[in-house]
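*Asks:* First residue of the sequence shown? That's 35 in this note's numbering, and the numbers climb one at a time after it.
Any given hint could be a false lead.
Said to hold, decoys possible - The list that follows gives simulated cross-link-like pairs (lysine-lysine, DSS-like), each with its CA atoms no further than 30 Å apart: (1) 70 to 150; (2) 130 to 96; (3) 84 to 150; (4) 84 to 141; (5) 135 to 70; (6) 97 to 68; (7) 135 to 150; (8) 141 to 97; (9) 96 to 84; (10) 135 to 68; (11) 84 to 68; (12) 84 to 130; (13) 84 to 70; (14) 135 to 84; (15) 70 to 96; (16) 70 to 97; (17) 150 to 96; (18) 96 to 135; (19) 68 to 96; (20) 150 to 130; (21) 68 to 130; (22) 135 to 97; (23) 141 to 96; (24) 141 to 130; (25) 150 to 97.
For the record, the hints were derived by calculation from the structure and aren't laboratory data.
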Amino acid sequence: MRQTQFRQVVILSAAREHLSAHENYDRSIDLCNKLKVLGITFDTAVGVYKDNVETSFVCLPKKGQLSTLISLGLGTFNQDSVLIQRTNGNSYLLNKDLEQKAIGRLKATPQVIAQKQENYTLLNDVYYVAS
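Using the sequences and the hints given, assemble the complete structure.
*Replies:* Below is the structure:
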């Protein structure tokens, strides 16, 4: 049986909970501009992380861009973690200590179920949760 191949996906944000909405907006614009300059394919999304709503960037890295995205998220923008989906469909959170926490697969989910979760992503009117 042939295994389904998934796109590698990285979801990251520039927002920090302790900053103002204006500061987080500026940081999101900065991250957006950096992704464009680096030629990284991405879409903006609404992310909810630990019940905090933020602008997220759903990135489709090309060969050699994964480490750049990790550096942007964990280094430049000081995030707690970045979400990475492997090509086998399994996802994990990578933290600053480079520890991986398996979180399952990203799946499209009805809004009513997604909004009951602590973490989810809304991309192109589709809600995604890891399970």
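*Asks:* Run the structure past the numbered hints and jot down the numbers of the failing ones, going up.
*Replies:* 1, 17 and 25
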